[in-house]
Amino acid sequence: MSVTETVSLPAGTEGGHKAPRLARRRGPRRRHSLLLNVLMTVMLLYALLPLFWLVVNSTKTPSALFSTFGLWFGGKFALWSNIHQVFTYDNGIFARWFGNTLLYVVAGAGGATLLATLAGYGMAKFDFPGKRAVFAIVLGAVAVPGTALAVPTFLLFSNLHLTNTPWAVILPSLVSPLGFYLIWVYAAEAVPTEVLEAARIDGAGEFRTFFVISSRLLAPGMVTVLLFTVVATWNNYFLPLIMLSDPKWYPLTVGLNNWNMQAATAGGQAVYNLVITGSLLTVIPIMAAFLYLQRYWRSGLAAGSVKA
Amino acid sequence: MSLNPAVAAGAQVASRRRNGPARRRRARGRRNWAGWGFVGPFMVVFAFALIVPIGYAIYLSLYRQQLIGGNAFVGIDNYKTALSDPQFWASLRRVLLFLVVQVPIMTVLALLAALALDSARLGWTPLYRLSIFLPYAVPAVVASLMWGFIYGSQFGLVARLRSFFGGHFPDPLSSDWALSAIGNVVTWEFVGYNMLILYSALQAVPRELYEAAEIDGATQFGIIRWVKLPAIRVAIVVSLIFSVIGSVQLFNEPNILNQLAPDAITKSFTPNMYAYNLSFAGQEYNYSAAIAIVMGILTVIIAAAVQWYGRRRTA
Numbered sequence: 001m002s003v004t005e006t007v008s009l010p011a012g013t014e015g016g017h018k019a020p021r022l023a024r025r026r027g028p029r030r031r032h033s034l035l036l037n038v039l040m041t042v043m044l045l046y047a048l049l050p051l052f053w054l055v056v057n058s059t060k061t062p063s064a065l066f067s068t069f070g071l072w073f074g075g076k077f078a079l080w081s082n083i084h085q086v087f088t089y090d091n092g093i094f095a096r097w098f099g100n101t102l103l104y105v106v107a108g109a110g111g112a113t114l115l116a117t118l119a120g121y122g123m124a125k126f127d128f129p130g131k132r133a134v135f136a137i138v139l140g141a142v143a144v145p146g147t148a149l150a151v152p153t154f155l156l157f158s159n160l161h162l163t164n165t166p167w168a169v170i171l172p173s174l175v176s177p178l179g180f181y182l183i184w185v186y187a188a189e190a191v192p193t194e195v196l197e198a199a200r201i202d203g204a205g206e207f208r209t210f211f212v213i214s215s216r217l218l219a220p221g222m223v224t225v226l227l228f229t230v231v232a233t234w235n236n237y238f239l240p241l242i243m244l245s246d247p248k249w250y251p252l253t254v255g256l257n258n259w260n261m262q263a264a265t266a267g268g269q270a271v272y273n274l275v276i277t278g279s280l281l282t283v284i285p286i287m288a289a290f291l292y293l294q295r296y297w298r299s300g301l302a303a304g305s306v307k308a
Numbered sequence: 001m002s003l004n005p006a007v008a009a010g011a012q013v014a015s016r017r018r019n020g021p022a023r024r025r026r027a028r029g030r031r032n033w034a035g036w037g038f039v040g041p042f043m044v045v046f047a048f049a050l051i052v053p054i055g056y057a058i059y060l061s062l063y064r065q066q067l068i069g070g071n072a073f074v075g076i077d078n079y080k081t082a083l084s085d086p087q088f089w090a091s092l093r094r095v096l097l098f099l100v101v102q103v104p105i106m107t108v109l110a111l112l113a114a115l116a117l118d119s120a121r122l123g124w125t126p127l128y129r130l131s132i133f134l135p136y137a138v139p140a141v142v143a144s145l146m147w148g149f150i151y152g153s154q155f156g157l158v159a160r161l162r163s164f165f166g167g168h169f170p171d172p173l174s175s176d177w178a179l180s181a182i183g184n185v186v187t188w189e190f191v192g193y194n195m196l197i198l199y200s201a202l203q204a205v206p207r208e209l210y211e212a213a214e215i216d217g218a219t220q221f222g223i224i225r226w227v228k229l230p231a232i233r234v235a236i237v238v239s240l241i242f243s244v245i246g247s248v249q250l251f252n253e254p255n256i257l258n259q260l261a262p263d264a265i266t267k268s269f270t271p272n273m274y275a276y277n278l279s280f281a282g283q284e285y286n287y288s289a290a291i292a293i294v295m296g297i298l299t300v301i302i303a304a305a306v307q308w309y310g311r312r313r314t315a
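Chains as they are written, first to last, in the working numbering: chain A, 1 to 308; chain B, 1 to 315.
Derived from the structure by calculation, the hints contain no laboratory data. Glycine included, each C-beta is placed from N, C-alpha and C at the ideal position. Wrong hints could be hidden among the right ones.
Claimed, not checked - Some chain A residues well away from chain B (every beta-carbon gap over 12 Å; in silico):
| hint | residue |
| --- | --- |
| 1 | Trp-80 |
| 2 | Thr-165 |
| 3 | Arg-216 |
What the hints assert, rightly or not - Counterexamples of contact, computed for chain B against chain A with all Cβ distances above 10 Å:
| hint | residue |
| --- | --- |
| 4 | Ala-49 |
| 5 | Ile-54 |
| 6 | Tyr-128 |
| 7 | Ser-131 |
| 8 | Val-191 |
| 9 | Tyr-285 |
| 10 | Ala-292 |
Unchecked claim - Stretches of chain B that chain A covers, calculated by requiring three or more beta carbons in the stretch to come under 8 Å of a beta carbon on chain A:
| hint | region |
| --- | --- |
| 11 | 78-87 |
| 12 | 95-103 |
| 13 | 106-113 |
| 14 | 143-149 |
| 15 | 270-283 |
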C-alpha cells in the first residue's frame, strides 16, 4: 500500500527522495506501536465524531432531535423526508443556493486556478521588467489579511454597483496568491527551460507553447491549486455574507446560517432538522471531491511547504 | 532549481544540437515583455481585489462622516479613538489569549500526529491521515453549527454529559468557557491541515539521516529532537504563521456561535467581529476601516515576528 502510494506521486515534487523512501519501506518493518495507535485512534475519533453526529441527526424528525440521544439513531427514520423538506422549503430556495455555490466554485476557483497558473508560470520562466516589483507587491498585499479588507472592498463594490450580484463574490475569489506561489515553485522544476527554448526555435508563440506543452507538465500543480481554491470557494462565508443581501444569490453557507438564525430567533424549532440535513448535503459533495483528489494536494503541499 | 539527471542530459543534447548563432542571440536577449502576457491578467485582478481596497481603507480611515458636509479629513483621529476604545482592547486581548493558548495546543497536536504518521509504526497510516485531515473540507459554517448543536443545552451532547455529572461539567457556551469552545472548533477544523504540512515536510527528509543517527546510538526521541525537528523547521514556521493569522482574524466561528450564546459571545468578541458590526450595524465605516488597518498592521508584525524567531533559531 505505502509503496504503491509513493510511486503514484506526481513526478517532480519529491523526486529526489523517492529512492531512500522505497529502500526504507523494503527494509525490516518496525513493530507497530500500541501506544501510537491508541493515540491516533483518539484523534481519529475526535475528527470523525461530529461528522457522525451530523449523519445520525439528519435521520431524525424534529421532535426526535430533542428527545433522543444525540449520538445514536432514534425515533422514525426521517432522512428522506428531511431531504425532501430541505429541497421544497421556501419554494426550493436550497436548490437555488446549491446552484449559486456551484457557479461561484466553477467561475471563482476555475478562474483563480487559471490566473494563478499563468502568473506563476510567467514568474518562473520569464525575465521581464518589473518582475521584482510584482513579487514585492504580491508578498506585501498577502500579508494584509483578507478579512480586514472586507469592509473597504464592500464599500468599493457598492460604489461600483457590484454588490448583490454574483460578481461581488466571484471577482475577489479570482485571486489566489497561494496558488500563484505554488505554481511558481512548481513550474521552476516541472517545466525544463530547454523545452521552451526548443519550442521558440521551432517558431511557436509563447501562449501556444504554454497551452500545448507547459500546461501538461503543470497539471499536477494545477490540480493542487484547484483543490485549494475549490475548498476555499465552496466554504466561503464572510465574503458573500457581506456582499449579498438578496437570498436568491446566497451560497449554501450563508443560506444555512440564515435558516439557523430563523430557528434561533423566531423560536421556530421546526427548521432545525433543515439546518442539520442541509449541512449534511453541503458537506457531502465537497468531501467527495476532496477525498477523490487529495493525493495530488498532498504532494503539492510538500513542494510548497518545504521550499517556503 | 535543482537539475535532475534527465533534465541535465536533455540540456546537453539540446546545446549540442543547436550551437548556431541564433541560439546565442536568443540566450542574451531573454529579458523582454513576454512575461507580462502571463503575469498581467493575475495582476489586474489582484490590483482590483486587493491593492485598491487597501488604498481605499487607508483613505476611509483618515476621514469622518459628518452630519453636514459629507466626509471631513480628520487625520489619525480614528486611530487615536481605536487605541483608547475599551471594546477594541477587550476584543484584542481575547484573540491574543486565543493565540497563545490555541495555536500551541493545535501545533503540538499536529506535530505529534505528523511524527506518528511518519514513524511507520501505525497500522493504517492512510486511514489516520485522511480521517484527521477530513474536517478541513468542512465549511466553517457547518463546523460551527455542528459543534454549536453539540454544545447546546437543547439537544446537545454536552447537556447529557452535564446531567450525568450533575452539573459539575462546565457549560461550553457560558462566558467563562466560550473562548475554549471556539478554540475546540478551530482546532478540530485545522489540526489535520497543519498535520499534513508537517507530515509532507517529514516525508521529504532523507532517510539516511535517521540511519546515520541510529548507528551513532541515538534513541528515537533523540532522532526526533536532533534530526527531524530541525529538518522541518521551515514547515513548522509556515504552519505557525497560517495559524497565527487565522487566530488574529477570528470571525466565522464566533459569529455563528453568537446566535447560540449572544451574552457570552458578544458582537465585539473579536476585533474582526467588532469591525464588521461597526460597519454593518452601526454604519461607522470610517472607524471600522481604521480598526481593519490596525489589525492588518498587527497581523503583519506578529507574522513577521514568528518568521524572524524561526529564522534566528535556525542560525
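Evaluated hints:
1. Trp-80: Correct as stated: the minimum Cβ-Cβ distance to chain B is 21 Å, above 12 Å.
2. Thr-165: Given a closest Cβ separation of 15 Å, the condition holds.
3. Arg-216: It holds; A:Arg-216 is separated from chain B by about 16 Å at its closest Cβ, greater than 12 Å.
4. Ala-49: 5 Å, violated
5. Ile-54: 6 Å, violated
6. Tyr-128: Per Cβ check, B:Tyr-128 is inside 10 Å of chain A; nearest 5 Å; violated.
7. Ser-131: With a cut-off of 10 Å, B:Ser-131 comes too close to chain A, as the shortest Cβ separation is near 5 Å.
8. Val-191: Given a closest Cβ separation of 8 Å, the condition is violated.
9. Tyr-285: 6 Å, violated
10. Ala-292: It is violated; B:Ala-292 is separated from chain A by about 4 Å at its closest Cβ, not greater than 10 Å.
11. 78-87: Violated - the region 78-87 of chain B has 0 residues with a Cβ nearer than 8 Å to chain A, which falls short of three.
12. 95-103: With 0 residues closer than 8 Å to chain A, the region 95-103 of chain B misses the three-residue bar; violated.
13. 106-113: This one holds; 3 residues, not fewer than the three required, reach chain A with a Cβ under 8 Å.
14. 143-149: Since 5 is at least three, the answer is holds.
15. 270-283: holds (count 5)
The structure does not agree with the numbered hints 4, 5, 6, 7, 8, 9, 10, 11 and 12 stated previously, though it agrees with the rest.
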